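**Student:** Once you've looked at the hints, dock chain B against the given chain A.
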Amino acid sequence: MIKLKNVTKTYKMGGEIIYALKNVNLRIKEGEFVSIMGPSGSGKSTMLNIIGCLDKPTEGEVYIDNIKTNDLDDDGLTKIRRDKIGFVFQQFNLIPLLTALENVELPLIFKYRNSMSEEERRERALKCLKMAELEERFANHKPNQLSGGQQQRVAIARALANDPPIILADEPTGALDSKTGERIMQLLKKLNEEDKKTVVVVTHDINVARFGERIIYLKDGEIEKEEKLRGFDDK
Amino acid sequence: MYFELAKRNLKRNLLRSVLALLGIIIGVAAISSLGILGGGLKQGIMENLGSISNYIIVFPNYQNGYTSFDKRDIEKLRVLNCKVIPVYATSDFVYIKGKNRKAYANIFGIDKNDIKYLNLKVKVSDTSVAVDTFFSNVNDVNVGDQLEIKNISLRISGIYNSTFLFPDNSLILTAKTYRRFYGENNYNYSRIILYVKNIEDINKIKNETDKILNRKEKKCIIISLNSILEAINGVITKVSYFLMGIGAISLLVAGIGIGNVMLMSVVERTKEIGVMRSIGASKRDIIILFLYEALILGVIGSLIGAFLSLFFGYLIVHYLLKTSLSYYAIFYMIIGITFGILTSLISALYPAYKASRLDPIKALRNE
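These protein sequence lines map, in sequence, to chains A and B.
In terms of my numbering, the first sequence opens at residue 1 and continues consecutively.
In terms of my numbering, the second sequence opens at residue 1 and continues consecutively.
Chain A with its partners taken away, still in its complex shape (with noise of 0.2 Å):
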């Protein structure tokens, strides 16, 4: 579902080139649910930013889901984001603007357009929102309104609302309390058993990584180690 390969990502600062990512390599298959643990310079948000598509490597390849992303420029870049990727952030990152529902609506607009009935697009958000387990007399609340295990359940409908295979969750409690933090992981949990969605979460907190099924250790811009919590059989 997910390749890297040899990707290496550097930046110049004040003509010092910086390695973020040295040479990873790294498969993430179909259904897994993968944590990336790492203090922070690891590299793991530039690993989950070139993985999102909303970066590109400066050496290596990328494939989501089969597709080589090196190539895409930034149209071919954003519908990846849009139809394979849902994103979870770590401050909710909800349009203040826009109710519970119309954010979890958003991501519809931009992929359909008028071609989707206001009906429909309601609908889908609405079931989105259950599948993130947000009471439904919460949909028409704007953000400001909702508590912060609330407003991560909206932007993890959000996440859900083109159907994508892949969920990248960038620190997704970092923001919670520990037990409301635990309660979402809990859902990202159930999202990958249940529907069967690739779940990518950055963390540096170990208690959220071990819901994955398998740990990758970011040091440096380099993979120290891995460690499979669970036996992966290929799914």
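Bear in mind the hints are in silico, worked out from the structure with no lab data behind them.
Since the model is a prediction, treat every value here as computed from it, not as a measurement.
We treat Cβ as the ideally placed atom computed from N, Cα and C, and that holds for glycine.
Be a bit skeptical, because a hint or two may be false.
With a straight-line Cα cutoff of 27 Å, these simulated DSSO-like cross-link-like pairs (lysine-lysine) come out [said to hold, decoys possible]: (1) Lys142(A) x Lys362(B); (2) Lys362(B) x Lys5(A); (3) Lys111(A) x Lys271(B); (4) Lys283(B) x Lys271(B); (5) Lys11(B) x Lys142(A); (6) Lys112(B) x Lys176(B); (7) Lys68(A) x Lys283(B); (8) Lys283(B) x Lys12(A); (9) Lys189(A) x Lys228(A); (10) Lys362(B) x Lys111(A); (11) Lys12(A) x Lys271(B); (12) Lys22(A) x Lys228(A); (13) Lys68(A) x Lys111(A); (14) Lys79(A) x Lys354(B); (15) Lys283(B) x Lys111(A); (16) Lys79(A) x Lys176(B); (17) Lys225(A) x Lys68(A); (18) Lys123(B) x Lys176(B); (19) Lys228(A) x Lys190(A); (20) Lys228(A) x Lys196(A); (21) Lys56(A) x Lys112(B); (22) Lys22(A) x Lys362(B); (23) Lys5(A) x Lys228(A); (24) Lys29(A) x Lys5(A); (25) Lys142(A) x Lys271(B); (26) Lys354(B) x Lys56(A).
Computed list of chain A residues with no C-beta within reach of chain B, every gap over 12 Å [claimed, not checked]: (27) Glu133; (28) Arg214; (29) Lys219.
**Tutor:** This is chain B only, laid out in the frame that chain A set:
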């Protein structure tokens, strides 16, 4: 939803949006009402002069010794595609019966059937006379009063506005009455008026008249007002475009205001833009979102501005120019609206482009 989102974004910074709107309103109102002022000026002049632009006046060339046209001259002109109206002219004392005094006036004689072509809106019979407003005012006479020429009473049957066809202080008799006073066998006309139905034919008929009458030597002088009118119209058009240009400056300033508001908005919403990009918004989507905001400002501002211009235009035209507002006002309102909307969109282009070019990663990191 784009529209809805744009609307809410504008509401979020309501004061800022209203100020940007105000700029557009003032700009559009300025352009449209100055345009209406120009249109009103033009209409006023057309009302005063327009009715005579269909006429050509042929005078005898006094410098070459010609003082009148005879029947043969008139007959020659009948081949032209226009109405040939021979005109007698003299000046004489007129006795004003009710006031018991005399007045000196320019007296014209025109065939009864030809008078209707002169657009004077008066009727003259063989026992009546029409006077112009100047004569009527100076001598304090009105329709129904009696005048006497050579001891014969004539009733004033109408009052017409003086135009270039007839000088001030004039009165019009029928040709028959005129001959009664100034010679039964007098067929020497002191001028010929040619009524041309289509203004476009004026120059052609002028040339043909010249060929017919001035073949051997310059026997007559041919005058028409259409060229003068065209020149006046041209000047007014230029002046009104110039005025509208001044109005456009305020619209330009409004455009800069909108651009500024949009740029601020882009900076404030950097993170939101990053989020939208990461969940599948294309560059085009971002551009559309910002253009929608500008479009809303442009449409609302332009409509209010155009409506105001109608109000100001009415004041100007009604009280300053003393004519009436007519369809041309709609034309200038449409021009104002078009420019208002275009200005809004154009000034939002750069901010929208800038927003679409934001690097999603950097935008997401922005707080």
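**Student:** Each hint: holds or not?
**Tutor:** Structure-based check of all given hints:
1. Lys142(A) x Lys362(B): Roughly 26 Å separates the two Cα atoms, so the pair holds.
2. Lys362(B) x Lys5(A): holds, 25 Å
3. Lys111(A) x Lys271(B): holds, 21 Å
4. Lys283(B) x Lys271(B): holds, 15 Å
5. Lys11(B) x Lys142(A): Holds - the C-alpha atoms of Lys142(A) and Lys11(B) are around 15 Å apart, at most 27 Å.
6. Lys112(B) x Lys176(B): holds, 8 Å
7. Lys68(A) x Lys283(B): Holds. Lys68(A) to Lys283(B) sits at ~21 Å (cutoff 27 Å).
8. Lys283(B) x Lys12(A): Cα-Cα ~26 Å, so holds.
9. Lys189(A) x Lys228(A): Judged against 27 Å, a Cα distance of about 16 Å means the pair holds.
10. Lys362(B) x Lys111(A): holds, 23 Å
11. Lys12(A) x Lys271(B): holds, 24 Å
12. Lys22(A) x Lys228(A): The given pair, whose Cα atoms are some 22 Å apart, holds under the 27 Å limit.
13. Lys68(A) x Lys111(A): Cα-Cα ~21 Å, so holds.
14. Lys79(A) x Lys354(B): holds, 21 Å
15. Lys283(B) x Lys111(A): holds, 13 Å
16. Lys79(A) x Lys176(B): Violated, at roughly 93 Å.
17. Lys225(A) x Lys68(A): holds, 26 Å
18. Lys123(B) x Lys176(B): holds, 14 Å
19. Lys228(A) x Lys190(A): holds, 19 Å
20. Lys228(A) x Lys196(A): holds, 19 Å
21. Lys56(A) x Lys112(B): It is violated: about 94 Å lies between the C-alpha atoms, which goes past 27 Å.
22. Lys22(A) x Lys362(B): Judged against 27 Å, a Cα distance of about 21 Å means the pair holds.
23. Lys5(A) x Lys228(A): holds, 21 Å
24. Lys29(A) x Lys5(A): holds, 14 Å
25. Lys142(A) x Lys271(B): Status holds; Cα separation ~18 Å.
26. Lys354(B) x Lys56(A): Holds, at about 21 Å.
27. Glu133: Non-interface label on Glu133(A) holds, nearest chain B Cβ at 20 Å vs cutoff 12 Å.
28. Arg214: holds, 25 Å
29. Lys219: holds, 22 Å
When held up to the earlier numbered hints, the structure conflicts with 16, 21 and fits the remainder.
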